[in-house]
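**Student:** For reference, the chains in residue letters:
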Amino acid sequence: MAVRVQAEDFDVGIEHAALTQGKTAIGGVALFVGLVRDMAGGQPVSAMTLEHYPGMTEKQLEAIEAEARRRWPLDDVLIIHRHGRLEPGDRIVLVATASAHRDAAFESCRFLMDWLKTKAPFWKLEATPEGERWVEAKESDDAAAARWTN
Amino acid sequence: MKILYFAWLRTKIGVATETVEPPAEVATVGALVEWLKARSPQHADALANSKVVKVAVNQEHVPYDHPLSPGDEVALFPPVTGG
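Protein sequences appear in the order of chains A and B. My numbering numbers the first residue of the first sequence as 15 and each following residue consecutively. My numbering numbers the first residue of the second sequence as 13 and each following residue consecutively.
Here chain A stands alone, though its shape is the one from the complex:
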C-alpha cells in the first residue's frame, strides 16, 4: 500500500516487481502509466509543469486508494504521481492494482485513474509556441468519474 508524490521519474519494472514480491496470492496486476503528449488542442507542447498542493495531494490519493480497497478485493495498490517540469514522453503517473483475479485489478485501476483526475489537486501548465497556458479540466473527466458514483 503506497502513495508517492515525487519530482523524480519511476521505473515501471522495478515498481511492478516490488509490488508483487513474495505475494503469491496475486493472480494479476493492472498497470496504467500516463505520459506527457507532444500535442494538445492542436498545438505542439514542448513542456508541462505540474503544480500540486502538498499535503492535500497525499491525503486525497490515500482516500481514493482506501475507496478502491473498499470496493474491490485488492492485494496491493501503488499510486505514483510526479510534479514539476516534464517533457513529452515523460511519465506523469503510475497506478498499479494487484488482485487474485483480473476483473478487480482492471476495474480498480480505471476507477483510481478516473477519481484521481477529478479529486487529486494537480494543475498542468503547458508550454506551447504561443506561450504558457493552464490546462482546463474536461467535462469528459467528470463524466468518467461520475460513472463510479453508485
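Hints may contain errors.
[Claimed, not checked] Straight line, CA to CA, 20 Å or less: simulated SDA-like cross-link-like pairs of lysine to any residue:
| hint | chain 1 | residue 1 | chain 2 | residue 2 |
| --- | --- | --- | --- | --- |
| 1 | A | LYS152 | A | LYS73 |
| 2 | B | LYS63 | B | SER81 |
| 3 | B | LYS63 | B | GLY42 |
| 4 | B | LYS14 | B | ARG51 |
| 5 | A | LYS133 | B | LEU16 |
| 6 | B | LYS24 | B | LYS49 |
| 7 | A | LYS133 | B | VAL64 |
| 8 | B | LYS24 | A | GLN57 |
| 9 | B | LYS66 | A | GLY69 |
| 10 | B | LYS63 | B | MET13 |
| 11 | A | LYS152 | B | PRO90 |
| 12 | B | LYS24 | A | ARG147 |
| 13 | A | LYS73 | B | VAL69 |
| 14 | A | LYS133 | B | ASP57 |
| 15 | B | LYS66 | B | ARG22 |
| 16 | A | LYS133 | B | SER62 |
| 17 | B | LYS66 | A | VAL149 |
| 18 | A | LYS133 | B | LYS49 |
| 19 | B | LYS66 | B | GLN54 |
| 20 | B | LYS24 | A | GLY145 |
| 21 | B | LYS24 | A | THR63 |
| 22 | B | LYS14 | A | GLY69 |
| 23 | B | LYS14 | B | PRO35 |
| 24 | B | LYS24 | B | ASP57 |
| 25 | B | LYS66 | A | ALA151 |
| 26 | B | LYS24 | A | GLU144 |
| 27 | A | LYS152 | B | VAL67 |
| 28 | B | LYS14 | B | ALA36 |
| 29 | B | LYS63 | A | ARG147 |
| 30 | B | LYS66 | A | ALA77 |
| 31 | A | LYS152 | B | PRO91 |
| 32 | A | LYS73 | B | VAL67 |
| 33 | B | LYS24 | A | TRP148 |
| 34 | B | LYS24 | B | SER62 |
[As the list claims (entries may be wrong)] Covered by chain A, according to a simulated footprint, are these stretches of chain B (three or more residues, beta-carbon under 8 Å):
| hint | stretch |
| --- | --- |
| 35 | 14-21 |
| 36 | 67-76 |
| 37 | 84-95 |
By construction, these hints were calculated from the structure, which means they are not laboratory data. In this text the structure is predicted, and so the values were computed from the model without any measurement. All C-beta atoms, glycine included, are put in the ideal place defined by N, C-alpha and C.
Here the structure of chain A is known, so what remains is to put chain B in place on it, guided by the hints.
**Tutor:** Chain B only, in chain A's frame:
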C-alpha cells in the same frame, strides 16, 4: 485564517498564500470568496467566475455552503487537471 491559491488563481492574484481576518459574518466558503473579491482588482478578476473556483478547507474538497471555523486552512484553485 490562512488562504492558499493555486495555478492561475495564484498567478492572477500574485501571491501563493495570505493570512486574512474576515469579519464574523463571513461564515461560509461562499461568503469568504465574495469577501476576498474586495481585497484588490486582481482578487476580483481571479474570483469572478465561481464555477471555476474550487475550494478545499483543511485539505478536503468542500461546497460553497461549507461553514468556516477560525484557524481553517482554505485553498482556492481551478478544477484539477492531474493524471
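**Student:** Run every hint past the structure and note whether it holds.
**Tutor:** We went through each hint and held it up to the structure:
1. LYS152(A) with LYS73(A): Roughly 23 Å separates the two Cα atoms, so the pair is violated.
2. LYS63(B) with SER81(B): 23 Å, violated
3. LYS63(B) with GLY42(B): Holds, at about 12 Å.
4. LYS14(B) with ARG51(B): 15 Å, holds
5. LYS133(A) with LEU16(B): 17 Å, holds
6. LYS24(B) with LYS49(B): Holds: LYS24(B) and LYS49(B) sit about 12 Å apart, inside 20 Å.
7. LYS133(A) with VAL64(B): 14 Å, holds
8. LYS24(B) with GLN57(A): 24 Å, violated
9. LYS66(B) with GLY69(A): Distance ~17 Å between LYS66(B) and GLY69(A) Cα, so the pair holds.
10. LYS63(B) with MET13(B): The given pair, whose Cα atoms are some 23 Å apart, is violated under the 20 Å limit.
11. LYS152(A) with PRO90(B): Within the cut-off at roughly 12 Å; holds.
12. LYS24(B) with ARG147(A): 13 Å, holds
13. LYS73(A) with VAL69(B): Holds, at roughly 13 Å.
14. LYS133(A) with ASP57(B): 25 Å, violated
15. LYS66(B) with ARG22(B): Distance ~13 Å between LYS66(B) and ARG22(B) Cα, so the pair holds.
16. LYS133(A) with SER62(B): 18 Å, holds
17. LYS66(B) with VAL149(A): 15 Å, holds
18. LYS133(A) with LYS49(B): Given that 20 Å is the threshold and the Cα spacing comes to 25 Å, the pair is violated.
19. LYS66(B) with GLN54(B): 17 Å, holds
20. LYS24(B) with GLY145(A): 16 Å, holds
21. LYS24(B) with THR63(A): 17 Å, holds
22. LYS14(B) with GLY69(A): 15 Å, holds
23. LYS14(B) with PRO35(B): Given pair LYS14(B), PRO35(B) holds - Cα atoms ~14 Å apart, limit 20 Å.
24. LYS24(B) with ASP57(B): This hinted pair holds, its Cα atoms lying about 8 Å apart.
25. LYS66(B) with ALA151(A): Roughly 12 Å separates the two Cα atoms, so the pair holds.
26. LYS24(B) with GLU144(A): Answer holds: LYS24(B) to GLU144(A) is near 19 Å, not above 20 Å.
27. LYS152(A) with VAL67(B): 18 Å, holds
28. LYS14(B) with ALA36(B): Satisfied, since the Cα-Cα distance of roughly 15 Å is no more than 20 Å.
29. LYS63(B) with ARG147(A): 19 Å, holds
30. LYS66(B) with ALA77(A): Distance ~19 Å between LYS66(B) and ALA77(A) Cα, so the pair holds.
31. LYS152(A) with PRO91(B): Answer holds: LYS152(A) to PRO91(B) is near 9 Å, not above 20 Å.
32. LYS73(A) with VAL67(B): Roughly 15 Å separates the two Cα atoms, so the pair holds.
33. LYS24(B) with TRP148(A): 12 Å, holds
34. LYS24(B) with SER62(B): 15 Å, holds
35. 14-21: holds (count 4)
36. 67-76: holds (count 4)
37. 84-95: holds (count 8)
Hint compliance for this structure: hints 1, 2, 8, 10, 14 and 18 are broken, all remaining hints hold.
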